[in-house]
Amino acid sequence: MKKLQKADYIKMYSFMLKIRRFEERAAQLYGMGKIGGFCHLYIGQEAVVVGILMTIDKNDSVVTTYRDHGHMIARGLDPKRIMAELTGREDGYSAGKGGSMHMFSKENNFYGGHGIVGAQVPIGTGIAFTHKYNGEKNICRTYIGDGAMNNGQVFEAFNLAALWKLPVLYIIENNKYGMGTSVDRAAAGLDLYKRGEAFGIPGEKVDGMNVFSVIEAADKAGKYVREGNGPYIIEVQTYRYRGHSMSDPAKYRTKEELDNYKQTDPIEIVKAEILKKKIATNDEIEKINKDTLEEIKNAAEFATNSPFPKDSELYTDVYL
Amino acid sequence: MSTEILMPALSPTMTEGNLSKWLIKKGDTVKAGDLIAEIETDKATMEVEAVDEGVVLDLLFKEGEANIPVNKAIAIIGDPNEKVEVKKEASIEKVIEEKKIEKNIEPKIENKKTDIIDTPSPKIEEDRNLSSEEITMRQALRDTMAEEMRKDNKVFILGEEVAEYQGAYKVTQGLLQEFGKERVLDTPISEHGFTGLAVGAAFKGLRPILEFMTFNFSMQAIDQIINSAAKTLYMSGGQINCPIVFRGPNGAAAQVAAQHSQDFSSWYSQVPGLKVIAPSTPYNAKGLLRSAISDPNPVIFLENEILYGLKGPVNNDVNFSIPIGKANIEKEGKDLTIVTYSIMLQKSKEAALRLKEEYNLDAEIIDLQTLRPLDTETILNSVKKTNRLITVEESWPFGSVGSEIANIVQRDAFDYLDSPVIKVNSADVPMPYALSLEKLYLPQVDDIINAAKKVSYIK
Chain A
1 MKKLQKADYI KMYSFMLKIR RFEERAAQLY GMGKIGGFCH LYIGQEAVVV GILMTIDKND
61 SVVTTYRDHG HMIARGLDPK RIMAELTGRE DGYSAGKGGS MHMFSKENNF YGGHGIVGAQ
121 VPIGTGIAFT HKYNGEKNIC RTYIGDGAMN NGQVFEAFNL AALWKLPVLY IIENNKYGMG
181 TSVDRAAAGL DLYKRGEAFG IPGEKVDGMN VFSVIEAADK AGKYVREGNG PYIIEVQTYR
241 YRGHSMSDPA KYRTKEELDN YKQTDPIEIV KAEILKKKIA TNDEIEKINK DTLEEIKNAA
301 EFATNSPFPK DSELYTDVYL
Chain B
321 MSTEILMPAL SPTMTEGNLS KWLIKKGDTV KAGDLIAEIE TDKATMEVEA VDEGVVLDLL
381 FKEGEANIPV NKAIAIIGDP NEKVEVKKEA SIEKVIEEKK IEKNIEPKIE NKKTDIIDTP
441 SPKIEEDRNL SSEEITMRQA LRDTMAEEMR KDNKVFILGE EVAEYQGAYK VTQGLLQEFG
501 KERVLDTPIS EHGFTGLAVG AAFKGLRPIL EFMTFNFSMQ AIDQIINSAA KTLYMSGGQI
561 NCPIVFRGPN GAAAQVAAQH SQDFSSWYSQ VPGLKVIAPS TPYNAKGLLR SAISDPNPVI
621 FLENEILYGL KGPVNNDVNF SIPIGKANIE KEGKDLTIVT YSIMLQKSKE AALRLKEEYN
681 LDAEIIDLQT LRPLDTETIL NSVKKTNRLI TVEESWPFGS VGSEIANIVQ RDAFDYLDSP
741 VIKVNSADVP MPYALSLEKL YLPQVDDIIN AAKKVSYIK
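First to last, the protein sequences are chains A and B. The first sequence: position 130 = 130 (the working numbering), numbered continuously. Heads up, the working numbering is the position in the second sequence plus 320, with the first residue counted as 1.
For the record, the hints were derived by calculation from the structure and aren't laboratory data. The structure presented is a predicted model; accordingly, all values stated were derived computationally and were not measured. There could be a bad hint or two in this list.
Below are the DSS-like pairs computed for lysine-lysine, each with C-alpha atoms no more than 30 angstroms apart in a straight line [stated by the list, open to error]:
{"#": "1", "chain 1": "B", "residue 1": "K501", "chain 2": "A", "residue 2": "K132"}
{"#": "2", "chain 1": "A", "residue 1": "K220", "chain 2": "A", "residue 2": "K11"}
{"#": "3", "chain 1": "A", "residue 1": "K58", "chain 2": "B", "residue 2": "K474"}
{"#": "4", "chain 1": "A", "residue 1": "K132", "chain 2": "B", "residue 2": "K474"}
From chain B, some residues computed to sit far from chain A (all C-beta separations above 12 angstroms) [to be verified]:
{"#": "5", "residue": "M321"}
{"#": "6", "residue": "L326"}
{"#": "7", "residue": "A386"}
To give a feel for the contact side, a few chain A residues facing chain B, derived at Cβ under 7 angstroms [unchecked claim]:
{"#": "8", "residue": "M32"}
{"#": "9", "residue": "S94"}
{"#": "10", "residue": "A95"}
{"#": "11", "residue": "H102"}
{"#": "12", "residue": "F104"}
{"#": "13", "residue": "I127"}
Here a beta-carbon is modelled for each residue, glycine too, at the ideal position from N, C-alpha and C.
Just chain B, same shape as in the assembly (with noise of 0.2 angstroms):
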């Protein structure tokens, strides 16, 4: 009998890896525990084990091939005594046409469970300085990180894992080597402690990048990040302020469950002498990130894991930034006005497509990029032409950036609204494990949707 083996998930977002090295070939004797390849994932190399036991009978993919599916079968074990019924060559060609496919269906991103779509919007189709060529979202964060450092010597980044590991999700790879351990600098796993250093270090006048491995672990550091950076400028009377950046990955990931799931736009949007970033794209990731990097106050900077993968053009000029405070029409419609930002832009877009389609309505889509300060005249603009409003975000419901959205809305823009304001929301408890309970727990398309027909008035 023979068994094959599977291209292993090696994290919770890994939908594919490459095929670094075999450390097995054709004809070896394997044991369970044998070290059988090396394998690329989106956040490292690792070794995999045998969990079986027999002789190599084929080895499906060579070294150095890469995006082979999770679960692919790539190689086969067993008695070779017995027939096998594989032919290499065919088995080959199938993978890389069912590759293909796959690809189609799901273009350009990781996470096999987002349904996520990247069309530049027109306003970046624009720029002149579009790159022809596109890179991942984590890929922009690196080299605008990378090129702010270039700049000014008092540019550093500190964190868990940024410097020798490159990243626990590779956002800082090739940092340590090009800038070195004075400005790259691996923290124990002590939030708390070297969130207040890094604000220390800011008042003084450098210019840290603080990561946190996720910003649930920025719960720890909070006292630091308000207490002491946000308040102190106003404090001091305009004496000490804080340049300051906190990023990392908000949000959920995939099936991290509710203590590594859980956003906190809405909790830092609530504060006073903080600025909150969240980028959609690799395009307004590079712009704002260095806004937010030369700004001379505190920045929180809320990445999304799932969208680490996204690819898209950018703007390479070093100096391109993108304005904090102001949104991106990322679509421009005259039926409803949808507002999002970070990964539920992908969703909105989608639904966007769905609606024309199916409702024939034209969603104006409205990517916040700015959480604080909130660009509020983008907003009303917007629905003082649709009439109609659904605010579509990964928080919890109570006091989200949308009820505040909401709130801005019915003050400013009474008398232009046709139906009441509608909020797409994560559902109002602790993220469940369950990869069912997850989908149900987050935002969908059929959410944004269901939506944007009640502020329609279509049953």
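One chain only, chain A, in its complex shape (with noise of 0.2 angstroms):
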């Protein structure tokens, strides 16, 4: 594995800090409505997509469910037009056609953003057969919740993948819940980094509120795919610190076990090892923060400010 550089934990954190920041904000817009529709959000997964960000070529592929905007800001999306997607505005990724669950940018590989549990699995496989079929050596990350993990097509694209070879990595983000389902009482068998087992695909459980163990994890997943050995499933153990969309109250939890998982916060993992190693200063870390939360105030603005899309559009792009 590469060695993380000083920059390399600087760009962790902003990111992280960056997708809280953000989801903190595309709350506060929600309470005051000028977020509609369903808005999941991200805080406490920040992490994962972090992690394997790390691993990343720009040319390869990611494809992920309606728990997205972290997902984008982590592709080094501007979180303007993220932002401007979930006010629904013309400066959106999606135009405001798409809204939060579906958000797309083909010019940064980044093929949504998917509204149907499950779907983005089969999909995913399909980029990562296209990536083979024309001799690259990319590979498309396909993300699944757990909830998902209980859903058929997936496992039609797990066998698949493995029959044809494809460079497909796939990452269960397990956050615990599928919506307000516990994996238990959904999952007979609660390991699913083995559910590849029976197709010939590895897999592997990882701490995901551990950003090193996730790039640790991904590095080597990412280097088994892209050598064409087929697909590889990392199963990230994490935690949503809100309820499934922002309209629920996650009453199916205590308040001990999210206090639990606040204690190991991915965030302060990642600053506690920055000053340990003393790659910057707390007075440097303060100004990261100040310019994250400028930032991020700066992108509500902006989505707030951007118009709705014109009454023409209503017609557009449903043929090419």
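Please assemble the complex out of the two chains, which come individually in their own frames, going by the hints.
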């Protein structure tokens, strides 16, 4: 594995912080009625996508679930335009037609943002098929929620990926709850990473609160896939601090459980490491905090000032 | 006592077979279960076993003889000591004579229970590139796929049995041999999975042709077709298109009952983001499939199993295409308009002949070719001329393509109508198995004639 440089630590911290501040601001805008519909926050899970990001090749493809804001930020996309999609404005990544769950950036190989649980898994497998068909060395990272791991098409995709040795890295973000149903009430067999075994797909479980563990696993898995060995599964153990969506009070879990996870907050872990290794001072970290807050505040302002899509846009983009 | 061995029906739509090879010869003793011959059907070459026992007294056809009707005696077995009243020469002559007669009655189509006629429409005959040779619909589809695959490496085909088996209905015959297993892929029986995979490949820039063994199985995958393929261009603000063709046989075949006989034309035609095509002849199958493969949007291409054996001339120019969204006036007429598509075009043509002969009604027939986007202009212009309209389709009646046409016509040509629009559809029930009930379920020529009489106020 490539040794992490000082700049990498700062990058990780900044991205994770940016995701959190973004989500907090999104929650605020939702409360103000500026964001409508469903809005699924990523707070608590930041180490997953940022850890994977550290092993990325920019020509690799990504496809994910509807809990996608953090994934877009990690992909380096502009928080202004992400927020503008959440507010349904013309400057949003989908020109205001997709919303929180359906965001895409083709030029950045970001293929959504999918609203149907499990649907992104065959799709990501098909994107990987294309990389192989075209003779490219790239891989497609396909994110799966723990809830989707009980959905039939996921296993159809696993079978096809293994059968055709497709360059796809499956990342199960196990945040312990599929909406309000805990994993142990939904899945027979809690080791989700083992569910590829029948197809010969290797898998492993990773601590998703610790970004360093994620990087290590993603690096190893990514190499395996990139070398043409077929798919690989990483199950990342994580936790969402908020409810399933903005309208979910999360009464199905205890306050103690949440507080327990907050003890291992992914952002705090990186920050502690930075201070311990003397990569940055407290003051320098404070400056990152302040800049990030400012950037997200600007994004919110941009997103609430961007115009609504023109009425004539209703009938565009149905056909090419 | 001697027993005749008959040409067996080896598929639901088989009406005749070719005798590829005899595995027995005159004088052999056969036991039940012995292999006696290889028969080539419309779908495959299969070995046939003896059911009765005895000595082979006569083989009535030579190896290589083609188009032997189902239930025709092909060999005789029995006791060699018994006197047999079969003369080979006479028998073959008789069979050939009978074959000629049958051909005249049922020209150019394999299915026994459809009243299909295929005279090319005047417009097709005007095509200067029209081939002198007639080919089947399945060949027309196959050739078009091969031509497009030669032009563009991004075009590939996947589906169940499309490669090594050569296609469940032989529509992909020879493609594996020409293009290799990277571009002609057998999938597991896993519609939801491989449809999603193909949609992902199309998002990333490939141009998949996905064959559903029949469209009945597309219901397993319908979320990927509608939520992913049809909606993503819109949801991504125009960034991600999905150039894919979903093709395969749609609607009734022959006695395959409720779960294998559904017509999906109105289901898919309801969805913005999809284009829906339903060819009716080898000629338009070629032109329309080329347009479908070249289109940057997801296209549902609804074929018909019974039409696969339909022969007709085609345009062999590898760039010949028929535009999506354009109906064909199959036959001009002045007294009433029949709007139809797919296999019901053939039944409508038969009905039109009888309407002329028996009632002196001159029907105009519009073959929609594309169901979405619908060529409303051609329909409206026709109704403004004839003032009477019937729609004929195999779909269930509720919310069918005909329902939408009736809506459009009453809205935009109300003052031109001299009678209410009448829809001819399949019965509003699941498809029954029994041959008699299946016939009742499907629109028949008489149903079309009755509808035409009704809009013309003829008792």
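Here is what the structure says about each hint:
no. : hint            : verdict
1   : B:K501 - A:K132 : holds (13 angstroms)
2   : A:K220 - A:K11  : holds (21 angstroms)
3   : A:K58 - B:K474  : holds (23 angstroms)
4   : A:K132 - B:K474 : holds (12 angstroms)
5   : M321            : holds (55 angstroms)
6   : L326            : holds (42 angstroms)
7   : A386            : holds (39 angstroms)
8   : M32             : violated (24 angstroms)
9   : S94             : holds (4 angstroms)
10  : A95             : holds (3 angstroms)
11  : H102            : holds (4 angstroms)
12  : F104            : holds (4 angstroms)
13  : I127            : holds (5 angstroms)
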